[in-house]
Amino acid sequence: MDALLAARLQMAFSLAFHMIFAALGVGMPLLMLLAQTGWLRKHDEVYLILTKRWARVVGILFAIGAVSGTVLSLELGLLWPKFMAVAGSAIGPAFTLEAFAFFVEAIFLGIYLYGWQRLQPRVHWLTGIPVVLASAASSLLVTSANAWMQHPTGLADLQAASSSVSFAGMLFGNPYWPLMALHSTVSCYAATAFVVAGVYAWGILHGKRDQVHYTALRLALVVGLIASVIMPVTGHASALVAAKYQPAKLAAMESLFVTEKGASLLIGGIPNTENRTVRYAIRIPWALSILAKGDPNAEVIGLNRFATDVWPNVPLTHYSFQIMVAAGMLMLGVALWFWLVWRRSGEQALLSTALVKSLVAATPLGFIALETGWIVTEVGRQPWIIYGQMRISQAVTPALGVTTTLISVIGIYLILTVSLVWLLRRLTVNPVAGADDSRSDQIKKAI
Amino acid sequence: MSLAEQVALWMSAGLTLYAILGGADLGGGVWDLLSSGPRSAEQRKAVSHAMGPVWEANHVWLLFCFIILFTAFPVVFQTLSIALFAPLNVVLAAIVFRGAAFAFRHPLAADVQGYRQWSCVFGVSSVVVLLGLGAALGAISTGGIRFTDGHISAVPTASWLSPSALGLGLLTLVSCSFLTAVFMTMETTGELRLDFQRRAVYALLAQALVVVAMLPLLAYTAPALWNRLVAGYARYPAFLAGLMMVAAFVLLQRQQFSWARAAAVLQNSAMLWSILAAQWPYLIFPDLTLANAASPAPTLRFILLALPLGMLVLVPSLLFLFYTFKRPALLTEQ
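The listed protein sequences correspond, in order, to chains H and S.
In terms of this note's numbering, the first sequence has 380 at position 380, counting the first letter as 1, and numbering is strictly consecutive.
In terms of this note's numbering, the second sequence has 538 at position 91, counting the first letter as 1, and numbering is strictly consecutive.
Just chain S, with the same shape it has in the complex (with noise of 0.2 Å):
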């Protein structure tokens, strides 16, 4: 396996590792805001209380991401800086309101001024943030981006406005949303863990929908791409994507919510994996691949060195991290 396809897969468990840790946190975004019901001010409080401690830490994957791929694959940072100028700044500008609205909300009691407005700019931003990047993601893998001779181009028929790509961001926001909802039945107890196991078998249904309408228009819009999808190494995990949510489904139905939690975490990487696969080897479809936009041996080898090593000290304390905040024992207590 060459230097860059080893690359790519850290790469890929980082975007993996974001969707599921940084996904269920803009998700918890979503439920803040769809928060109703005779427990709406309970909800909201689950969700902060479950995100507290770990928010921070799960968004650093999505800079891990960035990071590794302007090291790595500059002249894709490149190329996705100036075709997706717009949606990189809306996304940025969310990220920035949804961080501060979280942080800026925690200290204050939930019935003081400005607790519900900074909630509301919290939920409208998760929102944003998950529309975006699955759109941009939409963009990049529908062939949206075009790189010949150096120059950069935006193809206007497959842009991240287009109606696949916004398909794809509506689909990254159901996805989280169903995610989130699973995990929060993990987190809560009695009546409240019945709210959040109605929004998951909601949001699973929901996520069911954008799947469907998408089949037809992914295999009109965007063929290369379906083509990939459904006849390359993509269609395992698109079918494991399938299955796993029929699963979701039932074990939600029958209360096994921990069974529950592992197939919604394997359905989202799933239908990661699936678009993933499709791309490989292409880092933009159809101009950028792996081998034609990596960088120089000696940075490759230095990330490939340093990725295991800073492992060495992030795995330990990352499980510490939810070892002292995810322990069944105290989730009992709430």
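In isolation and in its complexed conformation, chain H is listed as follows (with noise of 0.2 Å):
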């Protein structure tokens, strides 16, 4: 294989794997604090059994999270030495800062995981909560360097060495930054709710009607719904700034190849690059205008303006623009199914066949709009690796066997995945054997 390709591909692959656990690294300490909360105030067991439950998930999916991380922020280097020879010194500050709350992350954690027994009950809870702030700021902060590859200001500055140079500017006052950075941190916690709560609607299917089930699964949804209620409002904000930046990318998430006045929105389609069609697309007329500049009769920027050695794959960036969408606006419409029949009924909501079957369909959806956003946002950035100024190709390593890793990188990930699922399943079905059981006695003998 083609060392270029095989690069990309140990990239997206490594990526994705380390996604879904970051994302669910970021997500699960909040419903493990949540829950906690519910136990400090109500001394209802079931929040307890919960909070366990889910630290000891949070020990399992950090790690899996720390290892992975390592891997991609030294891979950034094996397979794109050239890259990181030029954006070491404008994205490092993004990585120290990140490194810094990843450290506090892992400090606490520990602290937290295996502190039950030895701290007070409200100091415990209180060492949850930095576990909760410094994974968000992880997120947050890692996504600048990203934002910088789509939008590189002041590197010639930089490389000037010139006086006037802040990276407070270059990496936060980045018009790319700050959306980019909340759309993909909501996004991790809408993703976390809508496993767990899939998770716990799929006991309940299943016939466990407790209440373990009903609190995890209305925990998991409250966050669900406040995550994908933001998510359209972020996801739209980011639109706009693509198609001022990147109108190469806008363009490939709608498969506008032709620049047009009035342009109308595509819901779904086959784009056809060959001949510049797109088949079978429902048309919204002018509602890709108004999208993306407010004005049914705005120009918008098509792929002709662009030499198509220049073009990202247009129909991976749209299929994966369309399914984000299609995602997002599912989870949103159970979310608000759920809420809205619980008012009504309460529990009772939970005997509805129909409303638990939907939430047990919306397990992946959130790992799906993910997965697929980050398509949108780095298949569209092609052929770039910095937006304009250097391409993937000329970053690539010229070392041999990067098949051979991308191989390696593909068979570890996974034994890890299969492991993780034989492991999970092992601690939920029948859980915890010996050693935790006893601890679990103690804490509720010493509270």
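None of these hints come from the bench; they were simulated from the model.
Predicted model, so just to flag it, every value in this text is computed and none were measured.
Backbone N, C-alpha and C define an ideal beta-carbon position, used for all residues, glycine too.
Among the clues, some could well be false.
Okay, the calculated bits of chain H under chain S, using three or more residues with CB under 8 Å as the criterion [said to hold, decoys possible]:
hint, segment
1, 85–92
2, 113–126
3, 156–164
4, 324–331
5, 411–421
Computed, partial: chain S to chain H, Cβ under 8 Å [stated by the list, open to error]:
hint, residue
6, E503
7, T518
8, N536
9, L539
10, A550
11, L664
12, T668
13, T746
14, L751
15, A753
16, V762
17, S764
18, F772
Hints in hand, dock the two standalone chains.
The following block contains the structure:
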């Protein structure tokens, strides 16, 4: 296999894998802390059971997130050495700040997970707060590195070692950063919430109609509803930024081959890059101009303004974008449905098999949206690794053996996934053998 | 002192902390693998227990060093990524397996199917990480990597697979195992403590053997490094390391474990410092130096501002972590 293709696949696969654990690593601590808050306030054992169960899951997920994150930060150099030689001085500061956030998270997670018996209950709860905050901070900070790759400001000034260079401006004053940071961080909460809701809905569907399941579902869907309401707002705002700074990406997302005034919004459709047409799409007249520019007659730049060698992969960007939007809308719909029924009939709501089955069906939607969203961002940036400045083909490593490392990475991550699923099933199906049980008994006695 | 030199000092401090904290964790894997005798299960349990709350944080130091490296000296990161492509990938795979294995086996009871397999993975991958990182350091300091006119190449006779690089890998392995065994004497009591005392002494003797074998090897195969080790500032930490080796041996025999721990920490740090001092001012001998590989000044100034500010958060958090889990009063409860 061609080294560039192998390197791209390896990066994509490593990132997609890490993202799952990174997202759960942002979302699960929040749910865990919410459950513990419930326990401390209401002294209802249901909350304690959930807190402990989720804490155990967080411990395992965090370890996988941490090692796969270490892999990524080294892969930046191993796969794209020339990119790091140029971009290191610019995006390194973002990683430096993220490292501190990650450090704080690792430290307090250690204290939280192992500190049940060593700390007063309230102090123990307090040590969970830095975990929640630092995991969100890691996510917010590290996206500034990606925002810079999309919109590389200040590179020339930096290389000239000009004294006017400000990293606050380069990384956090970047118009891409605030929306991207918010959109991708909130998506972590949405993805986690729907997975958790789906797991407990599955239990309910299989006869586990108890308070543990009901409470877990409710907690997850509080987070799920809030997150899925925010997502379309930040998503729309992100598209506006892309329209302004990366028109080729927006055109690929919408498969807009020809620059148009009063452009239509396409729903679905199969783009054909050869003859530059889209078949079977639902067209909503003027909608794209309204969404991208706020004016029904505004001109939206199409792919015809760009040489084909700087086009991103149009079908992949287009399909990913459509899937992301659809998944986002479905999540919002399911969350609203749940809360409408719940408000009316409380726990009776869960007697509705249709609702519970929909929740089960919605399990992967958050992760589908998260992964396809990143495909839009990253594939839409192609062929650039630093937008407009360096092509990925210029950045790839000359070292031999990228195909071997690609196969190894896929193999290793598959082994981990299989083992993890086995372990998580073990922990949830017959929760806790031996040591942990006695520990939670001791805590109950202590409290 | 130049900005690049200041950053290099921070990085050396980060490396020292990784060598001590991360090194002791990795050594934990070695003793897990080598657990034996009537208290084999207890030895494993004690290692797990000591590592549990701290191992994640201990490993962030490696990431911390890599991030400073690619921020402040991006060309060096590029060069290492290309020249050490194979060993770095192997180390990465081992880091992944090690972290996963430790996390996966933790919720399992020791007699359950799966625990033993994951323990084995944990132990073997710990050994691989230690050997790999040590050998990579060996290739860097013995002149095995060249950067000429933007072209990166590896010198076949001084690669990470050369005798002196592998020797450094072996030295890393035994040194970290020694450190862990000494640490474990402070985490255990009774018979178990004597087990680890014995292991510490064996590891120390192994370390002495490797050092003795390495001396002529380095003098012969890497004369440049050798001259800097024995003639420059590097000889002071090297001398300190030797002194601390003897001190640790005596203190272990006299069962003064707390002092032995201090000597072991100082000994391992001093060994690293002697190599770092012999490197100075080279990042990759002989082509890349602190001066010619540094990022533009604004980046260096940013790091030099961010690091102390970050430490204001990090140091109290770390102290709280170690205070919570390594208090002497609690250790005697076990």
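Hint check results:
{"no.": "1", "hint": "85–92", "result": "holds (count 7)"}
{"no.": "2", "hint": "113–126", "result": "holds (count 5)"}
{"no.": "3", "hint": "156–164", "result": "holds (count 6)"}
{"no.": "4", "hint": "324–331", "result": "violated (count 0)"}
{"no.": "5", "hint": "411–421", "result": "holds (count 4)"}
{"no.": "6", "hint": "E503", "result": "holds (4 Å)"}
{"no.": "7", "hint": "T518", "result": "holds (2 Å)"}
{"no.": "8", "hint": "N536", "result": "holds (5 Å)"}
{"no.": "9", "hint": "L539", "result": "holds (5 Å)"}
{"no.": "10", "hint": "A550", "result": "holds (3 Å)"}
{"no.": "11", "hint": "L664", "result": "violated (28 Å)"}
{"no.": "12", "hint": "T668", "result": "violated (25 Å)"}
{"no.": "13", "hint": "T746", "result": "holds (4 Å)"}
{"no.": "14", "hint": "L751", "result": "violated (11 Å)"}
{"no.": "15", "hint": "A753", "result": "holds (5 Å)"}
{"no.": "16", "hint": "V762", "result": "violated (11 Å)"}
{"no.": "17", "hint": "S764", "result": "holds (5 Å)"}
{"no.": "18", "hint": "F772", "result": "holds (7 Å)"}
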